[in-house]
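S.K.: One letter stands for each residue in the lines below.
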Amino acid sequence: MSHKYELPKEVIEIYEGIKNMSIRGAGKIAKHAVTALVKAAEAFKGDETRDFLKYMEYVGSYLKSARPTAVSLPNAIMYVLTKLRKASVTSVDEGKQIVASLAQDFIKRADEALKIIGELGSRRIENGDIIMTHCHSTAATSVITTAYKKGKVSVVYVKETRPAFQGLITAKTLAEEGLEVIIIPDSSVRYFMKKVDKVVVGADTVAANGAVVNKIGTSLVALAAKEARVRFYVATETFKFSPYTLLGELVPIEVRDPREIVDEEWLKENRGVKIFNPVFDVTPPEYIDAIITEKGVIPPQAALLLLIEDYGADLREIGTNTPTVWEE
Amino acid sequence: MTCESLQKRVSEFIRGVSKGTVLGSTEVAVGSLELIKVASSTCRNLFKEFLGDFIPRVVASRPPSQVVENILRRYLEEFVKLKAEAGFERAVDATQDIVDSLIRELDLVRDAVAEIGSRRIENGDTILTHSYSTTVLRVFEKAVKRGTTFRVYVTESRPIGEGRVTASNLSRLGIETTLIVDSAVRYVMKRVNKVFVGADAIAVNGAIINKVGTSAVALVAKEARSRLYVLAGTYKLSFETVFGELIEQVFLEDVELIIPKEKIQGLPSDVRVRAPLFDVTPPEYIDAIITEKGVLAPQAVPVLVATLYGWPPKIKSLRELLREVGEE
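Line order of the protein sequences matches chains A and B.
Final position of the first sequence in the numbering used here is 328; the numbers increase by one with none missing.
Final position of the second sequence in the numbering used here is 1328; the numbers increase by one with none missing.
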């Protein structure tokens, strides 16, 4: 790739790392992206403030193109660049300083987010509540363990979460914290919902309308909770809110290998059977009582507020990097 | 075969029933009748004791499977009637014939249900089914023979996972079959226009008891406005519910049947696994119950009971009948 500007080696390495997925996970991608912005700013040679700002915009869009489907990436970059634009910078040095301190802010916030989410979420839990959770989410686990430490919760139903059984990671974590854990098969979600007071799950991506993309089965838990008038909470860092959905894009749902569900031998014996293994599903906002973020507890329909206020989401800007081919 | 070796077979059979390896409830009923038939010759001297021991045991091994209780009641009624007319020995002699005609009757009823049910399948339908039901399989078979083209989604139906057996059978009938995890049922329901499930029992209020997960499928079908049909012969009616009895739940106790061994390792020992085998689908989620007597609204079940057995239904309990078998 030919560059309009000479970029430092570290920046290109981070770009490549995000692109080839050696840098993975929403939090890691976001933190690496702002670090790359700082490295790029430091390497800028010149004294024209206007050139510096233009250069930073270029670096931002370059980084964003590394992995168009990772929502935390544009969010991290927008967080720094929007505030830089608004800062009315008067010199290149000042600009470099602002980028560095914004990046630091962002990383600090990301690091503290789980703790804050745990605290805010635990306030939503009442004494004696029985909780249900699905899959494995550090944010959801943080809410449950914080509530446990406050003496509010003792029993948690953890869904096994087929096909990969990630529920067992959650079960282990919570049991080691001292909670009473009951593992249940996914098919029994409606049966057990009557015994539950609140559901807490994590998110993979939050769309601008407040719909939550998360591990397959989440939307079924939400529906069963709605039917039983059980409160349904999503715990997630704000960098998982997707700016692309503002433009009406659908969030792509990955479909994985059949062998996660049945073994090779079964597949050979049953060549006529197709296996459909979608990894995520979409929970509509009307089934979600609140989304618990490090910036506060919000109704899902207000997801847009955080995208605009916090990340400076701007239709004109995010439009330039929107992938065009997505599937349901 | 000796009477002793039959006892061994009986124990194996009952273990299979309670662990769910004997899949459909009609299969349990037929299996029970066949064991009685064998016992009437090999355990002739101890036949009275055999019935007194076996019948309560097999019924207790899967209480919600109503057909087992009802068909054994039918057998005992015939036996007691014959005993009164011609004596105990003659009744034992006639057991083979009684059993054969009851099995034939079960098959005819199932066939009649399937015939009516298959008329509900139209060209181009996308159908979903849960668990394993010989009645539902026969519905699909009849529709295929009639030349109807349709696709079927099958949930794996954990715990046990008998949906895989259903999927195998369907693909062998030449039906386009797709297997999904239980959690994906809401994801695919948008593509589905009809749901067909069997039943272990029909309660008098029109609720049906079936493999766990059925009620979640029904909830999702309701949400997506897909039709839900229950296929069950009238021998699945639970008369006891007329008198306020609740249908007993069965839990799968063997943890390794629920979660793969290698996944359990490393879990703290106080983590519990709870796996109910059945759940209750409320009548408001059922579009119709298809019986050999016709298609009816679930709320019309009492009408059916009254027509067939009078109101309140005059039904002798198994215990009462067994006492009559034993009377000198």
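Rather than coming from a laboratory, the hints here were simulated on the basis of the structure.
Please read these numbers as outputs of a predicted model, since none were measured by experiment.
Watch out, some of these pointers could steer you wrong.
[Claimed, not checked] Coverage of chain B stretches by chain A, computed from C-beta distances (three or more under 8 Å per stretch; other residues unrestricted):
1. 1118-1124
2. 1253-1260
[Unchecked claim] Within a straight-line C-alpha distance of at most 27 Å, the following computed BS3-like cross-link-like pairs (lysine-lysine) qualify:
3. Lys1222/B / Lys274/A
4. Lys1048/B / Lys274/A
5. Lys1222/B / Lys195/A
6. Lys226/A / Lys1008/B
7. Lys1222/B / Lys1263/B
8. Lys1194/B / Lys274/A
9. Lys54/A / Lys83/A
[Unchecked claim] In silico contact screen, one side only, chain A against chain B (beta carbon under 8 Å); selected entries:
10. Asp51
11. Ala87
12. Leu168
All residues carry an ideal CB built from backbone N, CA and C; glycine is no exception.
S.K.: Each hint needs a verdict: does it hold in this structure or not?
M.R.: These are the hints, each one checked on the structure:
no. : hint                  : verdict
1   : 1118-1124             : violated (count 0)
2   : 1253-1260             : holds (count 3)
3   : Lys1222/B / Lys274/A  : holds (25 Å)
4   : Lys1048/B / Lys274/A  : violated (51 Å)
5   : Lys1222/B / Lys195/A  : holds (22 Å)
6   : Lys226/A / Lys1008/B  : violated (49 Å)
7   : Lys1222/B / Lys1263/B : violated (34 Å)
8   : Lys1194/B / Lys274/A  : holds (19 Å)
9   : Lys54/A / Lys83/A     : holds (14 Å)
10  : Asp51                 : violated (50 Å)
11  : Ala87                 : violated (45 Å)
12  : Leu168                : holds (5 Å)
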